[in-house]
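> Okay, here's what each chain looks like letter by letter:
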Amino acid sequence: MIDNSAMVWAIIAVLGVGTFLIRFSFLGLIGDRPLPDFLQRLLRYVPVAVLPALVAPQVVWPNATAGVFDPLRFSVGIVTLVVGIVTRQVLAAIIAGAGVLLIGLLITAGA
Amino acid sequence: MPVLIPFGLLFGVLAMDAGLALGQAMGMTMLVIAGASQFTALQMMVDNASFWLIVAAALAVNLRMAMYSAALVPYLGAAPLWQRVLVAYANFDQTYAVSVAAYDANPNWTVSERIAFFFGVATPIVPVWIAASLVGALIGQAIPVNTGMDFALPITFIALFAPMLKTIPHLVAAAVSIVFGLLFATLPSGLGLLAAGALAMFAGAVTETMMLRRGKS
Chain A
1 MIDNSAMVWA IIAVLGVGTF LIRFSFLGLI GDRPLPDFLQ RLLRYVPVAV LPALVAPQVV
61 WPNATAGVFD PLRFSVGIVT LVVGIVTRQV LAAIIAGAGV LLIGLLITAG A
Chain B
1 MPVLIPFGLL FGVLAMDAGL ALGQAMGMTM LVIAGASQFT ALQMMVDNAS FWLIVAAALA
61 VNLRMAMYSA ALVPYLGAAP LWQRVLVAYA NFDQTYAVSV AAYDANPNWT VSERIAFFFG
121 VATPIVPVWI AASLVGALIG QAIPVNTGMD FALPITFIAL FAPMLKTIPH LVAAAVSIVF
181 GLLFATLPSG LGLLAAGALA MFAGAVTETM MLRRGKS
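First to last, the sequence lines map onto chains A and B. Start counting the first sequence at 1; every next residue gets the next number (this note's numbering). Start counting the second sequence at 1; every next residue gets the next number (this note's numbering).
To be clear, the hints were calculated from the coordinates, so they are not data collected in a lab. Just so it is clear, CB atoms sit at the ideal spot from N, CA and C, and this is done for glycine as well. Hints may contain errors.
Taking beta-carbon pairs under 8 Å as the criterion, some of the chain A residues facing chain B (in silico) [as the list claims (entries may be wrong)]:
| no. | residue |
| --- | --- |
| 1 | Ile11 |
| 2 | Ile22 |
| 3 | Ser25 |
| 4 | Val50 |
| 5 | Val68 |
| 6 | Ser75 |
| 7 | Ile103 |
If we strip away everything but chain A, and leave its shape as in the complex, we get (with noise of 0.2 Å):
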């Protein structure tokens, strides 16, 4: 799927001293002086802001069926917020959402 491995590369570089400035900015280079208020509730939402936009295409129109709308894979999609939210575990949550995929995937391969 990947096959430019210079990119890859550069990607890794970038991402990765991109990221450790992010973790030194304040501990090492602005000191003291505190984030502002609006400044500080927007970061707050950046992980629940990005992480569902980047899933919720695939969720409605997966890769593995070229983008047809497949009810097996949005009720996976589903089923694991459900249990993500309700129980706050990670884990839980990809236990249960790969249950319900590999459950499905044999009912479909045995009809």
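Since the structure of chain A is provided, determine the placement of chain B on it from the hints.
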């Protein structure tokens, strides 16, 4: 902490599945050490996004760590530079959360005691994460990709953000993110993600501000 092992394993397996070389998978896991952004980069490489969009999206996922960095300043800001460099390298969700809680509970610790505590937390975590990724990558190399693996990344992302949906602003941000993620799906890979992410981030922050105002009045 126990989450790290299956998570590292999964990263290794999926990195091989995505077509990375073993050295690349390990290089990423050691240099970046940030699970969610590593998974994000993998997904976008598979989607053939362009270089800068991959880097921008994966770094966006890590921006929250600037907040961790700021939160550590009152406790560790006085430590020598080389120690702060090492702290920064190992400054991620688990080490930050455990350390700040301990510093809060023990206000009379000296700076060097705080540094010692931080590395006491980080030292077992980093090798476990790297080792788990390596085992995963070796497994991924050994067994051929089978059906269902295509959906392992989406399941992982949902499992990562679902437990964060604890408050109304978080729910609003996630809902906006999903709606615009879908609306922008036809834009060049990565561009829609960044636009949807920015809108969702503002939606969450503005909702929080509005709720605070309402609470005060």
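> Now look at each hint and say whether the structure bears it out.
Here is what the structure says about each hint:
no. : hint   : in the structure
1   : Ile11  : holds (6 Å)
2   : Ile22  : holds (5 Å)
3   : Ser25  : holds (5 Å)
4   : Val50  : holds (4 Å)
5   : Val68  : violated (13 Å)
6   : Ser75  : violated (11 Å)
7   : Ile103 : violated (10 Å)
Checked against the numbered hints listed earlier, the structure breaks hints 5, 6, 7; every other hint is satisfied.
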